[in-house]
Each structure stands twice: as structure tokens, then as C-alpha cells.
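Protein sequence lines correspond, in order, to chains A and B.
When the letters of the first sequence are read in order and numbered with the working numbering, they come out as residues 1 to 574.
When the letters of the second sequence are read in order and numbered with the working numbering, they come out as residues 1001 to 1142.
Source of the hints: derived by calculation from the structure; they are not laboratory data.
Note that beta-carbon positions come from the ideal geometry of N, C-alpha and C, so glycine has one too.
Check before you lean on any hint, since a few could be wrong.
Claimed, not checked - Residues on chain B that point at chain A, a partial pick, calculated with CB under 8 Å: (1) His-1044; (2) Asp-1045; (3) Val-1096; (4) Ala-1099; (5) Glu-1102; (6) Ala-1111; (7) Glu-1112; (8) Ala-1113; (9) Leu-1116; (10) Tyr-1124.
Stated by the list, open to error - Using C-beta positions, here's what the derived DEER-type ranges look like: (11) A:Ala-170 / B:Ile-1098: 44 to 54 Å; (12) A:Ile-321 / B:Gln-1100: 20 to 30 Å; (13) A:Leu-26 / B:Asp-1069: 16 to 26 Å; (14) B:Arg-1086 / A:Glu-89: 45 to 55 Å; (15) A:His-506 / B:Leu-1125: 47 to 57 Å; (16) B:Ala-1120 / A:Ser-236: 47 to 57 Å; (17) B:Asp-1069 / A:Ala-91: 20 to 30 Å; (18) A:Ala-536 / B:Leu-1116: 21 to 31 Å; (19) B:Ile-1065 / A:Ala-191: 40 to 50 Å; (20) B:Leu-1116 / A:Ser-236: 44 to 54 Å; (21) A:Ala-119 / B:Arg-1086: 21 to 31 Å; (22) B:His-1044 / A:Glu-45: 18 to 28 Å.
What the hints assert, rightly or not - Computed footprint of chain B on chain A; a stretch qualifies when at least three of its residues, placed anywhere within it, have a C-beta under 8 Å from a C-beta of chain B: (23) 66-79; (24) 211-222.
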Amino acid sequence: MSKGVERSVVWARLRWLAGVLGVFGLVLVAQLVRWQLVDSADLSEVARRTHNRRETLDARRGTVYSTDGRVLSTDVYTYSLSASPAVIEDAKAPELADRLFPLLGLSRDGLITALSGDAVWQPLADGLSIDVADQIAGWEQPGLYLEARLSRAYPDGSISEPVLGFVSQARDGYYGVEGYYDGVLTGAPGAWLGDMALSGQDAPFGRQVLEPPEDGADLYLTLDSRVQYVLWRELSSALEYYQAPSGTIIAMHPRTAAILGIVTLPTYDPSEYGQADPSLYEDPVVSHEWEPGSVFKVITMAAGLDAGVVTPESTFDDTGIFELAGATIRNWDREAHGTVTMKEILGLSLNTGASFVSTSLGADRFYDYLSAFGFGQLLGVDLQAEARGSMKRPGDGRWYEADLATNAFGQGIAVTPLQMLAAVCAVANDGVLMQPYIVEHRVGRDGVSETEPKAVRQVISPETADALTRMMVDAVRDETEAATVPGYDVAGKTGTSQIPIPGGYHPSDIIASFVGFFPADDPQLCILVKIDRPQAGQWGSEVAAPVFSKVASQVAVLLGIEPSSADGTRVASQ
Amino acid sequence: MSEYIIPTESLICFRRGGPRAYSEPLTRASVTSIKTQDGSLTRHDFVLLGCTAALLAVIGLLYLIQASDITSISYRVHTIRSEVTRLEQENSALAVEIAQLERLDRVERDAEALGLIHNATVHYLQLGEPEPALAQEPAPAE
């Protein structure tokens, strides 16, 4: 072969090789373009997942305390136990079941079935305590797995429910404080971020970053656990004694509208909310409305006195019947009481007299006063699911002239128990309506945030409030001895309301109530008692007033409220 | 400056400034590397390679020690973190247990079991202004 031929063969081979390399290079470049530009994000994510470890760190939900420092709801770790029967030898299942069933409270046979077979994963139990989890972990049994998770604990059980509400398994708060302050109580989860070696361990010289979780804020309530317990105990015994299915007691400070205690029965244990009747979730104190009956006469009388249409000594000729727009109003005792003063109308709880006051005011002024007292609107209390109540007004299409007469004694108008108590507290607070609240302060990442008592408006003048207070004191002293509290002047009013049903009112069932405050000369405590459908007793003075007396006398001692001496001066408690 | 007298026919010499006539005497400064013509290494090369290998070995050892330390520290951090988590879990469980033991209905039940009873009435005492204390005359000295 000549040198020229040999060179051309070499060049041909080189060109062929260059072509192959060129094609290979183009494919390589195309692949690089695809990786770098087209699939860049996806591939980066795959790489991140492969080499980066992310361990989520749960944030603790804030703890809720009573004003006296007791834990009402807090986060606690519980454990779930699962098994991998495929890993557990079938022969060992009975022995394992023998050890597990006393701890888990499950049947032995059921456990043997669950632990046998080839299933990869089998949940066994949830909500285990740390002690039980410790015991099981100590066995070091392959195929048994424990997982810790945060759950909500309510050490007081149902006593402070439904003020608190509950926290779902998804860690969302519902109802009460848990629902209203869900955003404040919930923290932000953190994470451990790090580079991971192929072995799955932390990579040497790799990046390790801690993003700490931000725990939720702690809430300190105005609720006093001692007061709460007294309310709970007295309501429990009252429902049993009067054979009533349900009831409510609220205690509030009249000067600030700080809620000291709320008890509603029946109730549920919020840590086992899933097994409770969902109708119990709502707090009746803020979510349920009731026709208040005669306790509402306090409001009607306040409006009449403040507007100047009546004075405590004004008289009314009670014939036992009051007629308006075709409606006939009768007294509870179906009696005619002759000429009576406004003070006596309140003491004797005369429906006719209350209707006389409201009609003397006129519809516009009467309903303006009711609105000023907060009826038919939200109070803005920091509890979830607050209802407005139902108050008709002239011109809204549902109002009839007769309503002016019936609304005066609390019929045909629906209010929440908290609205009723807040309105009476306004009388105790020199005529100033305060916004009720239950969170005293909260402690979070931003420091301490105090709740300042908030005055909504001056509803009636201090003089009117003082005159009405004296009328209420007389009403209790002269007509409702069961509500008196030894050593204190109590201002209050009974209520016996009918229960509306389709087409009218229930023929026999009633709701007994009493609302009052004391000491009358310097009110420190305002209490509403409401007992639904009592079977042993038919009047507020008979059912609710004694409960008020029992609660008030005990709470007065707990809160150190000094009694009045015979001449009205305060004495120092020892 | 000492001279290296090496038979030029047995050496391939690379000099600073490019190849020159081999007749010039070589000095330590003018020689950059020396390799025998048959490719075998000189003692100088062995020393150089030995030092390089030793250096690499030291670097490798340091890396291994550091990696081992970091892995060990990482493990300890992980263990301590687990312990902290564990103590937090215990702490929260104990806080709940304390609160449950302090439940007022439980305290009342226990008190009643011990024979304690409720105080039916509370008496408040009204104290007058305290009488001014009269100064005692000092006893005469004996």
C-alpha cells in the first residue's frame, strides 16, 4: 500500500470517528440542555429529596390557664402503637398478645388475630400514655412500632366545658376559647434540615440547619377554677334536686364584665369529643337563645325610669288585664293587684305593669333602649359561635304592635344568657354596658398582651341605675327571700319563662331563672341562674333563686367580698 | 555553587530556558528534573514521591478523623435531641397528671373521705380601732 493510499484511509477513518464523536457530542449536549433547562426543577427536587433530610418538629399549642393558675387545657404526648405482623413470628403472637392486652385494654383473641398473618402494617391502639409506651418500648420487640404525637388534654374533664371547646385530631380548635383563639394558640412547626449520606445518616461536613418550631401563645383566662367548681357543683345538685335536664350558671364581675365562671350542663369531656353528642359542642351561654321572661322586666323598668316616663313611686292601676292591639296580657297569678307602684310592679313581677311601662315609652324609645343594652346584636365576647339573639323592631315586617306589650316582660324576644347577664351588669355598673371577655392576658412570642376592660356605652344614667338597684334590692328582700345572701344586700329579679313551641307555648314546661348582683352598694359579682324544664318546681323564685343564694354565699367567701353590716357599712373580713 | 558532573550521553536533561548544548556544565539551579534515559527514577524522585504520599496520607487521616468526629458528634446531638424530646414529653405528661390530681372535685372527695365537712356559715368580725398602747414606766433600777 502506497503512502498516499494509506494516508487517505487514515483520514477516512478519522472522519468517520469524528462523525461518531460529533453525533455523540450532540446527544450529550441535548441531554445536558434537557437536564439543565427543561427538567431542572424536577431533578433538583429529586436530588434534594435524595440527599436532604427534613424532619418536621411539631409546635406545641398554647396552654390555657385559669386566673388562679390551674391548667385547663394543654398539649400532651400520647403514643400510637402499630405492628407489622409480617415481621412477627406467628408462634410468638399469643405470647405478645398476653403481654399487650392488659396494657391496651383490648381483647386477647383480637390481638392474636391482629398480630398474626402477613400484613405489613396493622394499627393496634391510639392515645397510649408515656408509661405504657415506655413499657412496650422496653421489650424491644421487632415488629412493634410506637409513634409519639401531640394531643390535647383537659385535666378538669367536663367541668370547664364548653367554655374551652375542643381540638380536633387535625389540631384545629373548635368552639369556646379553643375555637376563638385558634390562630393564637396554634404555633408554627419547625424542622431539622440536613444533608444526608447515601447510608441515610447525616453527611459529614454536610449542612445541618435547625428551624425551631414556634409554640403557640398561652392564654390566661378570667375564669376562676374555684368559682367554676362551685358553679358546677351547685348546678349539678340543682338539676338533680329539681329534676331538670339542663341548666346554666354564669358569674361575672359587673365593673369589668370579666367572666369568672360559666357552667352548662349537660356537657362533655372535650378530650373525648368524638364520642359526645355534637349538639353539646356549642356553648349555650353564647350560642343558644331563650325567651327570658320576667328577668327582662329589669330592662324594661330601666328604660322607663331613664326616659323619665315613670319613677319608682309612679303608680299603675292593675286590673289584672292589659290589652294592646288585640292581645290580652295577664299576670302570672291571674290576679288584679289594684294601684301599685313601679317598685311593686318589679317586686310582684306584674306583666301588666311591665306592658304599661313599655307602651308608655313607645316602640321607638323602648327598642332603642333594648339595642343600647346589647340585645339583637353581638356582644363581641371572645368565645366562638356567639348568637345575636332575636329582637323584632317596628318596620322589619315581623313586628306586631302587640310585641311591644309582650316584649316588656321577656316574651316574644330571644336573648342569649350572656346578653341578659351583661345587660343587668350594666345596671350594676352605674349604667355602663361593658363588653364581656374571658381571656385576661396572653403570653406569646411578642410578650404579654393584656385585655383591657372595654366600655361599650352608657345605657342609662348612674342615677337611674342607682334607683333601679334599690328597687331590685327591695324586690328580693320583700318577695324573693330564697335569693337573699346573709350579710349582703342582693339586687335581683326572678324569671319564669314559657317555652315556645310551634303554634304557641309549651303547656307545662318552663325555664326558671334568677339574675342578680351584690353587694348592692358596691357590686362585685353578677350571677345568672337558669334551670330548664324543672319537674320539681315551677317558678324562678322556687327553683333558681335558692341556687343563686347558695352560689353567691360560697363565691363571696372565695373572692373575699366583704359583707355589709347592719348599718350598711362594710366590714373587714378576717 | 557545586557542579554535577554527569555523563551527558546517559541523560536527558531539561533546563530552564529550553534545551541547550549539553556540553555546558549543569548546576542545581539550572536543572529542573532529571530522569534516567531508561525511565527509572532517581533517589530524588523516590523521596519526592514518598513525601507526596505521606502528605496525602496525613491529609486523608485528618479527613477521616474529622469525619469520624463529626459523625460521632452528630450522633451525640441526635441522642441529646431525642433525650430533650423525651424529657419534654415526660414533663407535659407530669403537668397534666399534677393538674388532674389538683382537680377540686377530687380534692373535695378526698377531704370528705378524711372526715372533713363543709363550713355552713362564715362569720366576719368587725374590729374597732386598736387602743393606743400605754408606755410602761421603766422599773427603777435596783
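Legend entry - Ala-1113 of chain B as an interface hint toward chain A, with CB separation required under 8 Å: 17 Å, violated
Legend entry - Outcome for the supplied range 20 to 30 Å, where the beta carbon pair is Ile-321 of chain A and Gln-1100 of chain B: Violated: the Cβ-Cβ distance is about 59 Å, outside 20 to 30 Å.
Inset, instruction - Confirm or reject the claim that Ile-1065 of chain B and Ala-191 of chain A have a C-beta distance inside 40 to 50 Å. - result: Hint violated: Cβ distance 30 Å, outside 40 to 50 Å.
Inset, instruction - Using the beta carbons of Ala-170 of chain A and Ile-1098 of chain B, state whether their distance is inside 44 to 54 Å or not. - result: 28 Å, violated
Inset, instruction - Using the beta carbons of Ala-536 of chain A and Leu-1116 of chain B, state whether their distance is inside 21 to 31 Å or not. - result: At roughly 30 Å between Cβ atoms, Leu-1116 of chain B and Ala-536 of chain A fall inside 21 to 31 Å, so the hint holds.
Inset, instruction - Quick one: see if chain B covers the segment 211-222 of chain A, three-plus residues with Cβ-Cβ under 8 Å. - result: It is violated, with 0 qualifying residues against the three required.
Inset, instruction - Starting from the range 21 to 31 Å, see whether the pair Ala-119 of chain A and Arg-1086 of chain B falls in it by beta-carbon distance. - result: Once the Cβ atoms are compared, 30 Å apart, the range 21 to 31 Å for Arg-1086 of chain B and Ala-119 of chain A holds.
Inset, instruction - Could you tell me whether the CB distance from Ala-1120 of chain B to Ser-236 of chain A stays inside 47 to 57 Å? - result: For Ala-1120 of chain B and Ser-236 of chain A the Cβ distance comes to about 19 Å; the hint is violated.
Inset, instruction - For the hint on Glu-1112 of chain B, just tell me whether its beta-carbon gets within less than 8 Å of chain A. - result: 12 Å, violated
Inset, instruction - Hold the hint about Asp-1045 of chain B up to the distance rule: shortest CB distance to chain A must be less than 8 Å. - result: 34 Å, violated
Legend entry - Given hint Ala-1111 of chain B near chain A, where the shortest CB pair must fall under 8 Å: Where the cut-off is 8 Å and the nearest Cβ of chain A is about 13 Å from Ala-1111 of chain B, the hint is violated.
Inset, instruction - Please verify that hint: Val-1096 of chain B, Cβ, nearest Cβ of chain A, below 8 Å or not. - result: 5 Å, holds
Of the numbered hints given earlier, the model fails hints 1, 2, 6, 7, 8, 9, 11, 12, 13, 14, 16, 17, 19, 20, 22, 24; all others are met.
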